[in-house]
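Protein chains: 2
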Amino acid sequence: MTNNLIQGVGIHQLKVFVDERGALLHLMRNDSPLFKHFGEVYFSEINPGVVKAWKRHSRMTQYLAVPVGTVKFVLYDARVDSPTSGTLNIWTLGRPAEYKLLVVPPGICYGFQGVDSRPSLIANCSDIPHDPTELQALDQYTAKVPYQW
Amino acid sequence: MTNNLIQGVGIHQLKVFVDERGALLHLMRNDSPLFKHFGEVYFSEINPGVVKAWKRHSRMTQYLAVPVGTVKFVLYDARVDSPTSGTLNIWTLGRPAEYKLLVVPPGICYGFQGVDSRPSLIANCSDIPHDPTELQALDQYTAKVPYQW
Chain R
1227 MTNNLIQGVG
1237 IHQLKVFVDE
1247 RGALLHLMRN
1257 DSPLFKHFGE
1267 VYFSEINPGV
1277 VKAWKRHSRM
1287 TQYLAVPVGT
1297 VKFVLYDARV
1307 DSPTSGTLNI
1317 WTLGRPAEYK
1327 LLVVPPGICY
1337 GFQGVDSRPS
1347 LIANCSDIPH
1357 DPTELQALDQ
1367 YTAKVPYQW
Chain L
1227 MTNNLIQGVG
1237 IHQLKVFVDE
1247 RGALLHLMRN
1257 DSPLFKHFGE
1267 VYFSEINPGV
1277 VKAWKRHSRM
1287 TQYLAVPVGT
1297 VKFVLYDARV
1307 DSPTSGTLNI
1317 WTLGRPAEYK
1327 LLVVPPGICY
1337 GFQGVDSRPS
1347 LIANCSDIPH
1357 DPTELQALDQ
1367 YTAKVPYQW
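So the sequences go chain by chain: R and L.
The opening position of the first sequence corresponds to residue 1227 in this note's numbering, with each subsequent residue numbered one higher.
The opening position of the second sequence corresponds to residue 1227 in this note's numbering, with each subsequent residue numbered one higher.
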């Protein structure tokens, strides 16, 4: 494990405008330099302490943020031909300081855990809509990923 | 005021997949019959009891849902040339039963109120990105809209 950023992974500050009525939170715009193509936007809610791991997409790039609660993300570069193959990256996302866009390219094993006392919400603005044929699930306890939840 | 649906306004059930780990909630896919164009996706959080009203877009169509909390929406058809001009529509959106997509076309005066005991989250997957030149704000107490918050 190193602290290098996995190739193709990105982490970008998102804009938040706070006032006493409630915040306005950016996720993605079609004129963002990060925007490539709109596939789907959906939410994954995760209850306190729950782990959802591992998954790997063969075609989808995910654009993730956490508008509610706090979520720990673990990413593992499982691409054999990647210069960062075998690298593990870990982030904890949530407001206010860590309201960020996490870009996860295809081929990365990823999992996440709700680490707030209330349910957390992950938003994903992906470049293709959900397609079960391009999504691989791995057992949470697989030895293929060097991380123990 | 009538109970007719304002012309161009739509309300559509969205899919929710619930398990003990937390729900998965649809918002928009590029292969949805409702999808036209991706402009921006962002969140508006609204604190308990707070009213955000009134606003009117001249070009943006909004595609709204409430993944967290409960929000009351009031829509008023302020288009003079609309067959439903003067019509008021009111919805309260939130999970589980009212996790719906509310489509608000340009020209509609709209406002909303957080009616949960916790902050609520509105997601908007709009057809154009935010542009202040196409957004008009009206006073919450204007006599132009026949609704008192």
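Just so you know, the hints here were simulated from the structure itself, not pulled from any lab data.
One thing to keep in mind: the hints can contain errors.
Which copy? The list can't say, so a pair holds if one copy fits it or any two copies do.
[To be verified] In silico BS3-like links for lysine-lysine, alpha-carbon gap of 30 Å or less:
| # | residue 1 | residue 2 |
| --- | --- | --- |
| 1 | K1370 | K1241 |
| 2 | K1298 | K1281 |
| 3 | K1298 | K1326 |
>> Going through the numbered hints above, which ones does this structure break? Give me the numbers in ascending order.
In response: 1
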